[in-house]
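On the provided structure of chain A, position chain B as indicated by the hints.
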Amino acid sequence: MIQVENLSFSYGEKKILEKLTFDIRPGKFTSIIGPNGAGKTTLFRLLTKSLPPNQGKVMLGNRDLAAVSIKDFSKKAAVVSQELQIRFPFTCLEIVMMGRAPFRRRSGQIRKEDLQVVQECMEWTDTQGLKDALITEISGGEKQRVMLAKALAQSPEVLFLDEAFSNMDIEYRIRFLKRLKRLAAEQKITVVAIMHDLHLVNLFSDEVIVLKQGQLIETDQPEQIFTPQKMKHVFGIDAKRISSGELVISAS
Amino acid sequence: MENQLWIKMQEKRKKEGLIIVFSLCVLVGFGLLAVNLGRAEISIVDTVRIIAGKLNPNLLEGIPDSWSSIVWNIRLPRILTGILVGCGLAVSGAVFQALLLNPLADSYTMGVSSGAAFGASVAIFINLIAVNYHLPVTLFAFIGALGTLALVLRIARVDGTLSPSNMIIAGIIVSSIFSAGISFLKSMSGEGVSAIIYWLMGSLSARSWMHVGLLVTVIGSCMAICFYYADDLNLMCLGDQEARNLGVDTQRVRWILLISGSLMTAVCVSVSGIIGFIGLIVPHLLRFLVGSDNRVLLPLSGLLGGLLLLLADTVTRVLLNIEIPVGVFTTLFGGPFFIVIFVKKNKTLF
Chain A
1 MIQVENLSFS YGEKKILEKL TFDIRPGKFT SIIGPNGAGK TTLFRLLTKS LPPNQGKVML
61 GNRDLAAVSI KDFSKKAAVV SQELQIRFPF TCLEIVMMGR APFRRRSGQI RKEDLQVVQE
121 CMEWTDTQGL KDALITEISG GEKQRVMLAK ALAQSPEVLF LDEAFSNMDI EYRIRFLKRL
181 KRLAAEQKIT VVAIMHDLHL VNLFSDEVIV LKQGQLIETD QPEQIFTPQK MKHVFGIDAK
241 RISSGELVIS AS
Chain B
1001 MENQLWIKMQ EKRKKEGLII VFSLCVLVGF GLLAVNLGRA EISIVDTVRI IAGKLNPNLL
1061 EGIPDSWSSI VWNIRLPRIL TGILVGCGLA VSGAVFQALL LNPLADSYTM GVSSGAAFGA
1121 SVAIFINLIA VNYHLPVTLF AFIGALGTLA LVLRIARVDG TLSPSNMIIA GIIVSSIFSA
1181 GISFLKSMSG EGVSAIIYWL MGSLSARSWM HVGLLVTVIG SCMAICFYYA DDLNLMCLGD
1241 QEARNLGVDT QRVRWILLIS GSLMTAVCVS VSGIIGFIGL IVPHLLRFLV GSDNRVLLPL
1301 SGLLGGLLLL LADTVTRVLL NIEIPVGVFT TLFGGPFFIV IFVKKNKTLF
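Quick note, the sequences are listed as chains A and B, same order.
Sequential numbering from 1 applies to the first sequence in my numbering.
Sequential numbering from 1001 applies to the second sequence in my numbering.
In case anyone wonders, no lab produced these hints; they're calculated from the structure.
Among the clues, some could well be false.
As the list claims (entries may be wrong) - Keeping only pairs whose Cα atoms sit at most 20 Å apart, straight-line, the calculated EDC-like set for lysine to aspartate or glutamate is:
1. B:K1008 / A:D114
2. A:K28 / A:D162
3. B:K1014 / A:E137
4. A:K112 / B:D1249
5. A:K112 / B:E1016
6. B:K1012 / A:E113
7. A:K75 / B:D1240
8. A:K75 / B:E1016
9. A:K112 / B:D1231
10. A:K71 / B:E1016
11. B:K1008 / A:E120
12. A:K71 / B:D1231
13. B:K1008 / A:D197
14. B:K1012 / A:D197
15. A:K232 / A:D197
16. B:K1014 / A:E120
17. B:K1015 / A:D132
18. A:K76 / B:D1159
19. A:K131 / B:D1249
20. A:K76 / B:D1240
21. B:K1012 / A:D114
22. B:K1012 / A:E94
23. B:K1344 / A:E137
24. A:K14 / B:E1011
25. A:K75 / B:D1249
26. A:K131 / B:E1011
27. B:K1008 / A:D132
28. B:K1015 / A:E94
Here chain A stands alone, though its shape is the one from the complex (with noise of 0.2 Å):
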């Protein structure tokens, strides 16, 4: 779905990512992994064309990122951002379908069967109580949930996360985790996602891409990433993957 060749970014003289190539391939959970520094962020917005690269390129589907309009990108890609600051008192559901906008005609009126997608996609994030309540007034992981909605009312062909799940419970992060690795088999959605949390990349993801000092150490299935060696050396800390496939870090 989507290829990374040769890519590279640098602020000024500062080098942030070199030489990038790997697949990230369709209806799989990927996951992106580093220390701080490594250049997640960065690469993240090379894959979301928010930051045009500075060296090689980023193919979805065949076409050059670049040659694509924002329009396009935005029929096949949605976005959830880490921290998003709203301060004008929009409604929860109003927000929900700003996802269907790049479907929609000039007039802005939504359709019939735009209304339907946005109340699935509430109803999947488990948002639909808050229909009427203000996106200014609720808390941080309950606007998470909105966003996620939003992105996925877009009907994404890729779906892209920056730590999307940060402001949510421990419940509601394994539960939308499981839904979306769900969603992605069965319907062939990409997923390309951010997370600090090691023991959920380890338990979710099909594929962990393992990033250090703006160099792609490795990308693979998370039995082949979290061994002690690689972890050792990516993260400089000592975890292994026992027998059930669950990932335990000691704090020694």
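Relative to the frame of chain A, chain B by itself:
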């Protein structure tokens, strides 16, 4: 379930449409009422006859020429100026709040008003010291406003992109420089200083059809542009990145709306001086009442802004026997009113 929501939404649309039509009727009604109020007592019926008489001269029979002249040359231009200025300030205020992602921004945040005031001050100053000159104050104010807009955009533009915080900072810097410039001109104009001060306070008295024509052209076209992009403006309220992810070419829309909003402010300030709080309070108040959807918010802001300034001007013109500049009046009442909304709603300022 979904049908219920669909019906609910259709009803909401209908209700919003009705509110807009109702507000328009109230505005027209008050407009006519305001024409009929004043020192010369002319009844509403005669007022309507005088206005309609422009199309059908037969209606003017039995009405003194002086009445016709008062209504047509004095009251109507002033009232229309008031409505249009209020409308322009409120719509541009709503647009700037959304563009700058700051509910406390208003039409003046970008410094356009200071530029206009400086341009006007220069014209008044030159008229004072050079007896032979008679520079048009409105035109100078408009040039000052446009110059400021260009300057602020130039400063705020980094690598070809405009960020809301840069625009606010650039606006503040340019504003303070022009304020100092105005103070300098004031200090140099000796006894004539009152002319500058009076202009700055904002007034609608003695406006002509020329002013109305200028306002209609500029505000009409800019407002049409703002309405056209109202839905994109909704998405931009979520921030630049979110709007792009939803398919909006944010740089383009931002430029278009910034220039439209600034032009509206520029023409308002040029015609009537600085009239405070309409651009801040009207969109703010309406957000509490009808929500943040700019497709509804912008037209309603225009109508309510026009109505408020018309009311304020009518009160200062008719009820109070002294001529208080309407800009002072709106700020004097608008300010405390704004505080009351905030305290009641128990909102934090930021």
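Exercise. Is K1012 (chain B) close enough to E113 (chain A), meaning Cα to Cα at most 20 Å?
Worked result: holds, 18 Å
Exercise. Does E1011 (chain B) lie within 20 Å of K131 (chain A) when you go C-alpha to C-alpha?
Worked result: With Cα atoms ~16 Å apart, K131 (chain A) and E1011 (chain B) stay inside 20 Å; holds.
For this session: Decide if the proposed pair is consistent with the structure: K1008 (chain B) and E120 (chain A), CA atoms, cutoff 20 Å inclusive.
Result: holds, 17 Å
For this session: Assess, step by step, whether the Cα of K75 (chain A) is no farther than 20 Å from the Cα of D1240 (chain B), and give holds or violated.
Result: holds, 17 Å
For this session: Compare the distance between the alpha carbons of K112 (chain A) and D1231 (chain B) with 20 Å, and conclude whether the hinted pair is satisfied.
Result: holds, 18 Å
Problem set entry | Straight-line alpha-carbon gap K76 (chain A) to D1240 (chain B), limit 20 Å | With Cα atoms ~19 Å apart, K76 (chain A) and D1240 (chain B) stay inside 20 Å; holds.
Problem set entry | Pairwise hint evaluation, D1159 (chain B) against K76 (chain A), where the allowed Cα distance is 20 Å at most | violated, 28 Å
Exercise. Would the pair K71 (chain A) and E1016 (chain B) pass a check requiring their Cα atoms to be no farther apart than 20 Å?
Worked result: Judged against 20 Å, a Cα distance of about 29 Å means the pair is violated.
Problem set entry | Given pair status - D197 (chain A), K1008 (chain B), alpha carbons within 20 Å | violated, 42 Å
For this session: Mind checking the alpha carbons of K1015 (chain B) and D132 (chain A) for me, to see if they're no more than 20 Å apart?
Result: holds, 17 Å
Exercise. Taken at face value, is the distance from the CA of E94 (chain A) to the CA of K1012 (chain B) at most 20 Å?
Worked result: holds, 12 Å
Problem set entry | Straight-line alpha-carbon gap K71 (chain A) to D1231 (chain B), limit 20 Å | The given pair, whose Cα atoms are some 15 Å apart, holds under the 20 Å limit.
Going down the numbered hints, you'll see the structure goes against 3, 4, 8, 10, 13, 14, 16, 18, 19, 24, while the others check out.
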